[in-house]
Structure formats: structure tokens, C-alpha cells
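Q: Quick mapping for you: the protein sequence lines, in order, are chains A and B. Under the UniProt record's numbering, the first residue of the first sequence is numbered 1, with each subsequent residue one higher. Under the UniProt record's numbering, the first residue of the second sequence is numbered 1, with each subsequent residue one higher.
Read the hints as simulated data drawn from the structure, not as lab findings. Here the structure is a predicted model, which is why all the values come from computation and not from measurement. Each residue gets a CB set at the ideal place from its N, CA and C atoms; glycine is no exception. Do not rely on the hints blindly, as some may be mistaken.
With a straight-line Cα cutoff of 30 Å, these simulated DSSO-like cross-link-like pairs (lysine-lysine) come out [to be verified]:
(1) 32/A to 88/B
(2) 32/A to 438/B
(3) 46/B to 90/A
(4) 31/A to 46/B
(5) 31/A to 438/B
(6) 107/A to 88/B
(7) 191/A to 164/B
(8) 32/A to 46/B
(9) 438/B to 72/B
(10) 190/B to 210/B
If you anchor each label on the Cβ, the simulated ranges turn out as follows [said to hold, decoys possible]:
(11) 255/B to 164/A: 49 to 55 Å
(12) 470/B to 20/A: 53 to 59 Å
(13) 470/B to 195/A: 41 to 47 Å
(14) 36/A to 77/B: 15 to 21 Å
(15) 457/B to 69/A: 49 to 55 Å
(16) 311/B to 30/A: 35 to 41 Å
(17) 20/A to 1/B: 40 to 46 Å
(18) 1/B to 142/A: 40 to 46 Å
(19) 47/A to 438/B: 49 to 55 Å
(20) 283/B to 195/A: 46 to 52 Å
(21) 142/A to 80/B: 47 to 53 Å
(22) 19/B to 56/A: 49 to 55 Å
(23) 283/B to 34/A: 50 to 56 Å
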Amino acid sequence: MEAFTTHTGRAVPLRRSNVDTDQIIPAHWLKKVTRDGFEDGLFEAWRKDPSFELNQPERAGATVLLAGSDFGTGSSREHAVWALQNYGFKTVISSRFADIFRGNSLKNGLLTVVLPQETVEALWKLTEADPDAEVTVDLVARQVRADGVTAEFELDENARWRLLEGLDDISLTLRQEPEIAAYEAARPAFKPHTVQV
Amino acid sequence: MGRTLAEKVWDDHVVRRAEGEPDLLFIDLHLLHEVTSPQAFDGLRKAGRRVRRTDLTIATEDHNTPTLDIDKPIADPVSRTQLETLRKNCAEFGVRLHPLGDVEQGVVHVVGPQLGLTQPGTTVVCGDSHTSTHGAFGALAFGIGTSQVEHVLATQTLPLAPFKTMAITVEGELPEDVTAKDLILAIIAKIGTGGGQGYVIEYRGQAIEKLSMEARMTVCNMSIEAGARAGMIAPDESTFAYLKGRDHAPQGEQWEAATAYWRTLRTDADAVFDHEVVIDAASLAPFVTWGTNPGQGAPLSAAVPDPASYADASERAAAERALEYMGLTAGQRLRDIRVDTVFVGSCTNGRIEDLRSVAAVMVGRQVAEGLRMLVVPGSVRVALQAVQEGLDKVFTAAGAEWRHAGCSMCLGMNPDQLAPGERSASTSNRNFEGRQGKGGRTHLVSPQVAAATAVLGHLASPADLAPSTAPVGV
Ligand code: SF4
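Can you build the whole structure from these sequences, using the hints too?
A: Given below as C-alpha cells:
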């Protein structure tokens, strides 16, 4: 997993609440066999509408999603997170996220930042008026900064540490290699094996 | 204080325990299939990681595999890609695979036990919720997500939050016409589809001890339909007898060492469960579902319930929606419900004993006019055994279709699906809207009820049948 310390980028204001995972990535995309290539499925239905924010040329290359409240509700599909990342988003800001979506995001290194609705509103206004306005999400200082906005945010210490270090669950576990090896060495011989090695 | 069976198995697998962190558990057996593994292998490849323990990993193809013309290329390109991807991944990472056409191919939860890989006191995981099946051997077995599949492939461990323990004690003896499937459907109806949330259930009591291993698998299989993380049954002489001599069962001295350990895997007399449920076996009867979740069930002799009879508003609304979807009316007798299709198979009821009990009902009888009956063995081994016993002939003589092994109509990822509005009696485990095909209506039943229903064309049990015309001894 890529480490997240601080990120600055242009933003996409998404003035919609209760965006569920079916809207983020529709079910028919779940038959794919990779974790990448979901970018075209992201908000697929809405993108058919030329006036949708993501379709505006000035939003190309934006990396910060400014979402409405209750973002990521619905099914537990990890594909929703992959789709946002594949598209190029590094962080999503909202006043409230669905629990499972948030868990999946942090597992995959997509930083979800919770800010009060007034602050999200201020960021919407700023980025709607000026598509070139940049938003900085600073995980070290736990702060979001933009022109006229400075807001602190919270994240539990364990999740923050893992993001700062770029540690996914697997690399964390691999740090316990001596313990795993010791356990393996002591395992009884009668335990089943699928193949002889 | 004593420990429960689940706690003993958990404790024996702790690789690391640290304050403020989840326990890191060692995984003894990792089962793979084509649907939930591709992104996990992809993740390994990207990170330059290998499969840590190929000797504790095994893969089979089941969810997408066709049950007809298995020697021809698979028509659906998406299914074909998923199978080809599994084959490529297993070859690249050195994982043992039993592909379509192989003698050990079959539904992943049928294959593990029949190879003797599922053993008491082991931890078993698979990217599939019905991994709970393996708990029938006293294993701690549960389904995991794709990120966790990758985690196990890379590390052979999982960081896990603790669970709560529940005992479901089934006292007394099951009436003769009541099967393990009726029992678990009745349990789910009693505790609800969320009743097991956060728990590992241990099934115990006289009625459970008397069940065969295959019947125990049926019970543990559907623990997930009660919302539980896993279901378990303490290993005993039946367990040992089932395992003895199987391909991967311990042998010689190892067998002695293993059974000595397995005998310790019983809940201590002074252990305390977080929750206890007691069920009187004698009160049970053949059980079927009428709704769109596995908790919406009733005895076959009952009628479709009136939603207004539910005190809880959300249950009432759910019942109303279910009746609407199922095309049923309150008060209608369950026995009067006519079905179009009977499906016998799945990891719940696709083993040899299930096929035998269906054949015992079908022999000398005919599938009702206009009704389609599919018999899909859970694995190639089950199919071969059935053929050896002549069961396939009984099915085809009765007018049923004898198919190749796989998940098939349990979830309709292959061409075996219900058409919109079609109604099935199915020995599988989920009756969700659209589960067996878009607009399809599913009644979950035991193999015996499935067989009697196929003959009569409406939900029925063998007791409803006129005597068979089969000559004695067939
Ligand atoms: S038979 Fe059904 S429940 Fe069992 S693994 Fe296959 S799809 Fe899942």
C-alpha cells in the first residue's frame, strides 16, 4: 500500500448525499477478475449525463472528492474503493461515511476524511467557483487546508499510523515473521497437507 | 474456568497476542474457488509476494461450471474468463487445482471433507460464506473477503477480532421423518437470520450426536443463514470413522496422535457460553420456507402466515414484501403450493446420503407432468458413487435430469437458472430474491421433501405419497 502523508490536488465537488456503492460501481462490474480497470465503471450511470461534474474538462486530473453526507452506503463491495482509486482519487472528504466503506477504504489506502458539513460546504463553494483551487489533506498535521479553509480532522491512531507508514494488513503481519515461523515449526505433524513439499 | 470447543481451537491457533490488537491466528487449510480469488492473486503479483504455504492451499472450480456438455468450451465468456484466470493463477503460484473434468472437482465444501483435509481442531477458511460447513468436524471454519484471501495466501494467518459463543442444544430424538435440513431451517426460523450475529454456534445434544457426518455438515453449512460467523460440532467416534482411511487423513502413529488430540476437543463441563438455546427434537417436523430469507419458514403442515400477525413492524413489512415477490397469499396451505422445478444439490444437500434419500423416494415413481427436476451431485466423487449404486438410473427412469457436479442452480451463475416467475423446491441454502435466476421463487426444502414434491408437483413430504409401485428390493 502506498503511504499517505500529505496530498495536494484539485477537487471534484459532488453535491449529493447517500451515494451508495451501487452508484459508485454498478453490480455488473463485479465479474471482473482484477482490482484495476474499474475507472470506467465509477459513477457509470451518472457519467452518461454530460453535465455531471466528472465530465467537465476542468475537473480532469482531480484527485480529491468532496462528497455529500453518508457516502458509500449499501453493499460491502471492495470494488467501490478500487473504482475511486483506479480513477485517480487519493482522498474523499465527507461529513459522514458508511462504516464498511470506510473500513474498506483504509484497508486499501484511500484516505476518508470526516469534516463538519459547513466545512464541506465551504470547500464546495471554493472549488465550484475556482476549478483550479487546490485542497491539501495533511495526515501528519491532521488538517485540511484550502484557500480560506483550515480544518482539523480526526482519525484513529492505529489507522493513521498504518496510512502514514503505507502499511497494509499484509505487510503488518509480515513483520511478525519470526512468530509465524515459530508457530509453524511447532505445529503437530498430523495436521493435514494438500500437497507434499 | 473451562473453555468451549471454539475457544480451544482458537487458542491453539494464536500466533501472536498483544494488548490492543486483534489476535493473529494461524490458518490450517485455505480453500479457493474461481469467484473470490482473482483479485487476491492479482494483489500478490503486484506486491511481488508468493503463496506462503501452497501445501495448505487447494483450489477447485465450482460456482461457474456448467453441468452439461462439460467437454465443450464454456459458452459464457465471463464464466470462462474466471475459470481460466484461476487456472493461470494456480499454475503461476503453484497451487493444487482440481479443474472441471478432474475426478476431485466439485463444490469446494464437498471436496475438502471428502479428501479428508477437513479435520477436527483445524482452522479452515475460504472466500465463501458457507465455509461454515467444515465446522461439522469440530473445525473453526468461516468465510472471508477477498482482501483476507490475499492475506492468508501471503501469510497463512489472519488478524481476527474475538467472537461470542452460543450453544444450541437439541435435546431428545428427531422424529423419523425429520432430517438435518428440517432441523436447521427450524433453528433459523426460531433465532432469526440475525440471531447468530457475532457468534460461533456449537450444536450439541443427543439429537446432534446421532447425526451422520453428512447430516452434521448440512446443519453447520446453514449457520451462516442464521447470521453466525461459524458453526461447530464436537468431534466424536462418527467423526473419526468418517475420516479414517481418507486420502489426507493421518495414518499409523500420526492417526493415534491426532485422535488423542481430537478427543480433547470438547467443551468443558464448566465452560460458559455467551448465549444458550435449547430445542426439543421431538417437537420438530418437515420444514419449508415460504419467504425470501431463510428465516421465513414453517412446518410443511402449516399455512402461509399472515403478515399482520407479526408484532414487529419491520418483520411485518418483510413478510408482506416476501409474499408479494413469492406470489403467495396469507392462509394458503403450504402443501397446496405448486412448483415448476425441483433442484437437488449444493453444499447443503448434494452429498451421497442426500442422493440416496432422494432415490429412495423416487424409485418406482415418476416426476410430475410438466415439472423439471435437476439432480446435481456436489462433487465428481459423489457422482461416481451414485452411479456405482445405480442411483442415476433411478433419477433418469423417474424423469429427472442427472447432471455434472457443481454449484449449479444454487446460485445460477451457470446456465442452470429459474425463469422469471418460476417456482422451485430447492435443497440449497438461500431463497433470496433472484438467487436462482432473475424473478425466480425459491422454497428451501430437505432432499426428502424435494423428492416427494417432484412426484406430486406441490410441496409435499414422503408421507403424502401413495405406496411405490417398485418391486420389493429395488
Ligand atoms: S453450492 Fe451454493 S452455497 Fe455452496 S458454495 Fe456453491 S454457490 Fe455457495
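Q: Each of the hints needs a verdict: does it hold here or not?
A: Right, here's what the structure says about each hint:
1. 32/A to 88/B: holds (15 Å)
2. 32/A to 438/B: With a Cα-Cα distance of about 21 Å, the restraint between residue 32/A and residue 438/B holds, given a limit of 30 Å.
3. 46/B to 90/A: holds (19 Å)
4. 31/A to 46/B: holds (20 Å)
5. 31/A to 438/B: Measuring from Cα to Cα gives roughly 17 Å; hence the hint holds.
6. 107/A to 88/B: holds (27 Å)
7. 191/A to 164/B: holds (26 Å)
8. 32/A to 46/B: holds (17 Å)
9. 438/B to 72/B: Between residue 438/B and residue 72/B the Cα gap is close to 26 Å, so the pair holds against 30 Å.
10. 190/B to 210/B: Holds: residue 190/B and residue 210/B sit about 22 Å apart, inside 30 Å.
11. 255/B to 164/A: 49 to 55 Å: Because 51 Å falls inside the window, the suggested range holds.
12. 470/B to 20/A: 53 to 59 Å: holds (55 Å)
13. 470/B to 195/A: 41 to 47 Å: holds (45 Å)
14. 36/A to 77/B: 15 to 21 Å: Once the Cβ atoms are compared, 19 Å apart, the range 15 to 21 Å for residue 77/B and residue 36/A holds.
15. 457/B to 69/A: 49 to 55 Å: For residue 69/A against residue 457/B, whose Cβ atoms are near 53 Å apart, the range 49 to 55 Å holds.
16. 311/B to 30/A: 35 to 41 Å: holds (38 Å)
17. 20/A to 1/B: 40 to 46 Å: holds (45 Å)
18. 1/B to 142/A: 40 to 46 Å: holds (43 Å)
19. 47/A to 438/B: 49 to 55 Å: violated (25 Å)
20. 283/B to 195/A: 46 to 52 Å: Holds, at about 47 Å.
21. 142/A to 80/B: 47 to 53 Å: With a Cβ separation near 48 Å, residue 142/A and residue 80/B satisfy 47 to 53 Å, so the hint holds.
22. 19/B to 56/A: 49 to 55 Å: Hint holds: Cβ distance 50 Å, inside 49 to 55 Å.
23. 283/B to 34/A: 50 to 56 Å: holds (52 Å)
Violation of the numbered hints given earlier is confined to hint 19; every other hint is satisfied by the structure.
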